[in-house]
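Visitor: Read in order, the letters of the sequence shown are residues 708 to 804 in our numbering.
Careful: at least some of the hints might be erroneous.
To be verified - Derived SDA-like pairs: lysine to any residue, alpha-carbon spacing no greater than 20 Å straight-line:
no.: 1; residue 1: K757; residue 2: P791
no.: 2; residue 1: K725; residue 2: I750
no.: 3; residue 1: K751; residue 2: G737
no.: 4; residue 1: K710; residue 2: K765
no.: 5; residue 1: K751; residue 2: K721
no.: 6; residue 1: K762; residue 2: E793
no.: 7; residue 1: K710; residue 2: A744
no.: 8; residue 1: K763; residue 2: K710
no.: 9; residue 1: K762; residue 2: A709
no.: 10; residue 1: K763; residue 2: L731
no.: 11; residue 1: K721; residue 2: S733
no.: 12; residue 1: K725; residue 2: P735
no.: 13; residue 1: K729; residue 2: V760
no.: 14; residue 1: K751; residue 2: K765
no.: 15; residue 1: K721; residue 2: I755
no.: 16; residue 1: K710; residue 2: V760
no.: 17; residue 1: K757; residue 2: P788
no.: 18; residue 1: K725; residue 2: P788
If you're looking for bench data, these hints aren't it; they were derived computationally from the structure.
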Amino acid sequence: RAKMVSVMSELGTKGDLKSLVKELISAPIGDQIARTATSIFPIKDCYIRKVKVLKKPKFDVTELMEWHSADEKTAGDVGTPVAPVEETGLAGSGGRL
């Protein structure tokens, strides 16, 4: 458990909150924890299920707005609206099939 905590705390102190979230979503951390802890106990499937914030990060509203605007720009193709389709019932079925 100490090795897992050290790997996670090293990851958390390495960059800012945005890079930490992207790193946690990509999920190579489980493999890294499994490699470091294998010398103590063989770990087969290691996944990050929950993340607990121990200390409140420095929060800036302008940075938050930049993150949201950056996400909208990278989204690119968001698709086209689909026209609604009228449903027609079968003749003589009374509305039931």
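Visitor: Provide an ascending list of the numbers of those earlier hints which the structure does not satisfy.
Guide: Hints 1, 2, 4, 5, 6, 8, 14, 17, 18 contradicted; others consistent.
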